[in-house]
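For the record, the sequence lines run as chains A and B. For the first sequence, counting from 1, position 108 maps to 108 in our numbering; every step adds exactly one. For the second sequence, counting from 1, position 153 maps to 153 in our numbering; every step adds exactly one.
One or more hints might be untrue.
Here are a few chain B residues that face chain A, going by a calculated C-beta distance under 7 Å [as the list claims (entries may be wrong)]:
{"id": "1", "residue": "Val56"}
{"id": "2", "residue": "Thr60"}
{"id": "3", "residue": "Val76"}
{"id": "4", "residue": "His80"}
{"id": "5", "residue": "Lys232"}
If you anchor each label on the Cβ, the simulated ranges turn out as follows [said to hold, decoys possible]:
{"id": "6", "chain 1": "B", "residue 1": "Glu230", "chain 2": "A", "residue 2": "Asp137", "range": "40 to 46 Å"}
{"id": "7", "chain 1": "B", "residue 1": "Ser319", "chain 2": "A", "residue 2": "Gly11", "range": "56 to 62 Å"}
{"id": "8", "chain 1": "B", "residue 1": "Glu41", "chain 2": "A", "residue 2": "His69", "range": "34 to 40 Å"}
{"id": "9", "chain 1": "A", "residue 1": "Glu15", "chain 2": "B", "residue 2": "Leu285", "range": "25 to 31 Å"}
{"id": "10", "chain 1": "A", "residue 1": "Asp74", "chain 2": "B", "residue 2": "Glu34", "range": "26 to 32 Å"}
{"id": "11", "chain 1": "A", "residue 1": "Gly141", "chain 2": "B", "residue 2": "Asn279", "range": "43 to 49 Å"}
Honestly, the hints are just simulated from the structure, not real lab data. In this text the structure is predicted, and so the values were computed from the model without any measurement. We put the beta carbon where it would ideally sit given N, CA and C, even for glycine.
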Amino acid sequence: MANFETLRNFGTDQELWAGIRRGDESAFTMMFDAYHSTLYNYGFKLCSNSGIVEDAVQDVFIDIWRLRHNLTEDITSIKFYLYRALRRRITVALGKFPLTEEISVLDENNEPSSFSNTETMLIASESSEIRSKQIQDLLAGLPERQVEALTLRYFDDFSIDEISQIMGVSEKSVRNFIYKALTSMREHRQSLLLSSLIFCLLFIF
Amino acid sequence: MKYDQYSLTELIRNDDFIAWVRHPDEASEARWQEFLKNNPEKRSVVEDARGYVNLVAEDTGKHKPTTEQSRKMWSVVESHMADDAEEEVSVAEEKTINSWQWARIAASVVLIAGFGVAVYWYQHKPSQVAIVNANVEVGTISDVIEKVNDSDKPMTILLEDGSSVVLEPAGKLSFFVKSTTAKREVSLRGKAFFEIVKDKKRPFIVYTDGLATKVLGTSFLIDAPENGSEIKVEVKTGQVSVFPLSLNASEKEKEAFSKPELTGTILNRDEKIAFSKVNGKTIKLQDTPRVVNVTTDIADQLFIFDETPASEVFKALESAYNIKIVYKESLISNCPLNATLVGQSFTEKLTAICIALDAQYEIRDDHVIISGKGCK
């Protein structure tokens, strides 16, 4: 997760964080510029009311500035800290308690012991437009938490360990969310094929 | 079938592979090129997997804020950077969030219940204007005040927290003499303009027939005529949220609304909504040109002064809030003032003016006394 082009002046997260703790406004501004946009993108996966997401993003930054003298000294990743704080805020704003629940629907044991025949799940060598459309439809139909996990994994580049801490579930659950999301891609494809087949049959007769 | 760690699905979920696709560096590039050289038959699978990773990344990343939204968020954050000196809170707050939140919710529930009783009492005894004691929390008694404007001029009500409410004729406002630490609440019948002192921790909530309006600090107009079928809310500055109060609202909805975060329908500056009491629907109103009011409508007045003599500033305030302002004319009248007093409460405006004039103010029953040595 090293993407600090915009943070050159402060080199590392630790240096930027130290700047913020000192009350350096340019460090704070830099952090806002670097992270607010992807943070909002993530927030939108949790709640599609842009007003609530905007408020939550603002509050995460406002809190950091307000509490800057009392912030923890050691930080491994500012981005991780921000995402966790945002998720907590939005969860509270939506009135969901508690923040670290394990989803009961998600059976820890139903992950296949081996992924040996998952090759069939995604079909290789399809045209890129079909694939792009396929992914779009797939994501639109997925449960919120699967989209959240995919976002954190593929767009935000978090590790499974970090995602599990952000979402407040076990690593196994995170793997499961992602696995299920990729599996539904196959199911979605099949239902698409089936419906187009039926359509063709109707058309012929 | 043999387990193949370089199958399409395995690749898509492989840490090292994702890192290489998303942010290739010299080491990963070398490693994967080496792999492809040794396993040329995997080239098409790798390309497909790369395509999927990129597509998922692209698709999950398409909800970035617009430039306008970014600008808006930054301006809010920036405004807090300036005025944060007053509230230094320790990190202990974050650790105990769960326990105090429960306490707060418990307190709010009791409070709403108590307030509901008080409001019911008033609505069914319209002829009485008296103070009723409502039991709010164990051990404390909060007095509820009801103000009725039976004059033909607007009436300004100053609340304990420094906020002001301009109540139009025939309007009715009920509130606690002392509000709790968690929230500030009032109940309104009729039309009123609110200028609420900012307090992020204590939302200000206005209850009207079937609709609650929540703000953290801003100015807005509410028109809730007693016999009308609609309630109108119009925002002048800042942001407010409105929330229909259905009888069967879930506990979760109620809890969410009692928290400081703005939820429900959010209204921004210069936006208006109409809430229908009949079907409980909320409609955003287009910016229709307002019918020019004969009476001075405070919501439409801009208190922007540029080298304006103090006497004129006071005159503007007197007519807007219908409060007499008494001062020594020979000393203060001609002092020039520069001020933009939009969205602040009456007392905040007075404070700002008095700082500029190096004067003090004192609020009496129906008038304000300004004392100072004057300019020069």
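Go ahead and decide if the range 43 to 49 Å is satisfied by the Cβ distance of Gly141 of chain A to Asn279 of chain B. Violated, at about 32 Å.
State, for the Cβ atoms of Glu41 of chain B and His69 of chain A, whether the hinted interval 34 to 40 Å holds or is violated. violated (59 Å)
Can we keep the Thr60 of chain B interface hint, with Cβ of chain A closer than 7 Å? Where the cut-off is 7 Å and the nearest Cβ of chain A is about 4 Å from Thr60 of chain B, the hint holds.
Taking the closest Cβ pair, is His80 of chain B under 7 Å from chain A? holds (5 Å)
Verify the CB-CB distance for Glu15 of chain A and Leu285 of chain B against the hinted window 25 to 31 Å. Distance hint for Glu15 of chain A, Leu285 of chain B is violated at roughly 50 Å.
Do the Cβ positions of Asp74 of chain A and Glu34 of chain B conform to the proposed distance bound of 26 to 32 Å? violated (37 Å)
Assuming the hint says 56 to 62 Å, is it satisfied by the Cβ distance from Ser319 of chain B to Gly11 of chain A or not? holds (59 Å)
Assessment of proposed distance window 40 to 46 Å (beta carbons of Glu230 of chain B, Asp137 of chain A): About 41 Å separates the Cβ atoms of Glu230 of chain B and Asp137 of chain A, which means 40 to 46 Å holds.
Could you check if Lys232 of chain B really has its C-beta closer than 7 Å to a C-beta on chain A? violated (20 Å)
Mind checking the CB of Val76 of chain B against every CB in chain A and telling me if the closest is under 7 Å? Because about 5 Å separates Val76 of chain B from the closest Cβ in chain A, which is inside the 7 Å limit, the hint holds.
Hint validity - Val56 of chain B Cβ closer than 7 Å to any chain A Cβ: holds (4 Å)
This entry does not satisfy hints 5, 8, 9, 10 and 11, going by the numbered hints stated previously.
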